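Next come the chains, spelled out residue by residue.
There are 4 protein chains.
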Amino acid sequence: MSIENFKPVMTAEEVNAFLKQVYPQLNDDFADYRALEVTPGGCTVRLDATERHLRPGGTVSGPSLFTLADIGGYVCVLSHFGPEALSVTTNLNINFMRKAEAGPIDGHCRILKFGKSLVVFDVDMRAPGGLTAAHATGTYSIPPRK
Amino acid sequence: MSIENFKPVMTAEEVNAFLKQVYPQLNDDFADYRALEVTPGGCTVRLDATERHLRPGGTVSGPSLFTLADIGGYVCVLSHFGPEALSVTTNLNINFMRKAEAGPIDGHCRILKFGKSLVVFDVDMRAPGGLTAAHATGTYSIPPRK
Amino acid sequence: MSIENFKPVMTAEEVNAFLKQVYPQLNDDFADYRALEVTPGGCTVRLDATERHLRPGGTVSGPSLFTLADIGGYVCVLSHFGPEALSVTTNLNINFMRKAEAGPIDGHCRILKFGKSLVVFDVDMRAPGGLTAAHATGTYSIPPRK
Amino acid sequence: MSIENFKPVMTAEEVNAFLKQVYPQLNDDFADYRALEVTPGGCTVRLDATERHLRPGGTVSGPSLFTLADIGGYVCVLSHFGPEALSVTTNLNINFMRKAEAGPIDGHCRILKFGKSLVVFDVDMRAPGGLTAAHATGTYSIPPRK
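Residue numbers (my numbering), protein chains in the order written: chain S, 1 to 146; chain F, 1 to 146; chain V, 1 to 146; chain Z, 1 to 146.
Hints may contain errors.
Because identical chains share one entry, a pair is satisfied inside a single copy or across any pair of copies.
[As the list claims (entries may be wrong)] In silico lysine-lysine, PhoX-like type, Cα no more than 20 angstroms apart, as pairs:
#1 LYS116 / LYS20
#2 LYS99 / LYS113
#3 LYS20 / LYS7
#4 LYS99 / LYS116
#5 LYS7 / LYS116
#6 LYS7 / LYS113
Since the hints were made in silico from the structure, they are not lab data.
It should be emphasised that the depicted structure is a prediction, and the values quoted were computed from it without experimental measurement.
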């Protein structure tokens, strides 16, 4: 698949159902992360941040935003590659820019490269009002298809 | 404080007690993260990874390792600067290198720079056996002392 | 200056003239880096890559693309803050995605955060044809104004 | 090759001779980068920084330090894998910590992971006196051996 010709193979609903099945920890222990939308070459994921996602100072914690970014990359891979791949994150770089209060935070994800073995993506995480709370760039490694 | 002359002002026990008070989410929802040791210019933090910290494939998840790295940087700042500062992570870059099974994972943290407003650290996260599961470099911003 | 209300204070030509004066190394030894355009909240910088910018394999080298990204961040700061600040890069993360041959490479830069002391930006570096050769995110630290 | 059992296959002199042959740009245009020593699992590389490597403020420029880090990773790969591989940098994250004046800057490099297709390394770049001027972590991708 070349980057000019992205064609998702799973919808947001299908991705959420798949995540519930293979990654129950995300739903049980971290909770409140889900795919909102899949588009050619990207996706939007949401964290409904509550008290449990806050850190000292009353703002959404770094680990909660990292999880949103990581899920965003995973949803990019799943939705464009299919559910069979056991892909893993190899690198993620995140910048925290503004404090975000509890509430919905949307991660707008773009696939920057979709290679045979590496997928590079970025995620712009926006709090209500539209300002960027955090921005991340990451890489998923995809094992060879059999 | 210059990097040649580090002198911690809090012990691991004091840091853990402080974290329990100001960051209850870490204990209640993420659980099992704590400071093991504080040394001049660094610290060791531990994640006792259980089922809840795993991801598809049965290995410790990226968000769990990110949290360990982030806590490691926070413990570096708290233990060397004191509990009054409301420091925040501004950047964290993490590389995932090897799968790690459930069990203790130790984050060996070094302060690379301790400036007036920015603290740079790195964390080598090792699973039992001593191989690096993940490695991170990060920056905490410290607000001006009053 | 808030991110919603960006107002550049220098044009691309003024930035290039300033760079020539304070950073002669860029022109003499690295050469062929310049600002093409300044827009509210961003800028475009160009590297005219020649033989000297190539690495084994005949593609534009990592250091050449890093320099383009770093200059992009510097032009963002200069053009929106003015020439008096002696700002310095504190962090830069770069992903190399596709090989790029000799020729013009444009770095499309966006300011993601413009704080009192830290400016965060990203740069999408595109070779002719429009595909991303490399993508970077970085932070500049701005010393307090006197 | 497992990380516990590193055995370099090229010396620093052999690596320098190889670099001179395949990467003349490094010697002609960037100059003054070379391997000092290869050890099992790492290497030391040196930049003899002169006027041409400085940036505004009279300190060694970000691109010059990035080049040192990138060369350090390349020397790690070459010395432990051999000269046949056309490896490429996929990611590099660098933190700039202290100003460094003109003079020798040594990059102390460690291989953190040596996988079948990805090599992860870090580099501690020290100015005379021993304080870290910059620290980088990076990844090289190695194409399949034929």
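Consistency of the hints with the structure:
1. In the homo-oligomer, the alpha carbons of LYS116 and LYS20 never lie at most 20 angstroms apart, since the shortest distance is 27 angstroms inside one protomer and 32 angstroms across protomers.
2. With identical chains, the CA atoms of LYS99 and LYS113 are at most 20 angstroms apart between copies only, with a shortest distance of 12 angstroms across copies and 30 angstroms within one.
3. Taking the shortest alpha-carbon separations for LYS20 and LYS7, neither the intra-copy value of 23 angstroms nor the inter-copy value of 45 angstroms comes in at or below 20 angstroms.
4. For the homomeric pair LYS99 and LYS116, the shortest alpha-carbon distance between copies (15 angstroms) is at most 20 angstroms, but the shortest distance inside one copy (37 angstroms) is not.
5. In this homomeric assembly, LYS7 and LYS116 come within 20 angstroms of each other (Cα to Cα) only inside a single copy, at 16 angstroms, whereas the closest approach across copies is 30 angstroms.
6. Only within a single protomer do LYS7 and LYS113 lie at most 20 angstroms apart by alpha-carbon distance; the minimum there is 14 angstroms, versus 32 angstroms between protomers.
Comparing the model with each numbered hint stated earlier shows that hints 1, 3 do not hold.
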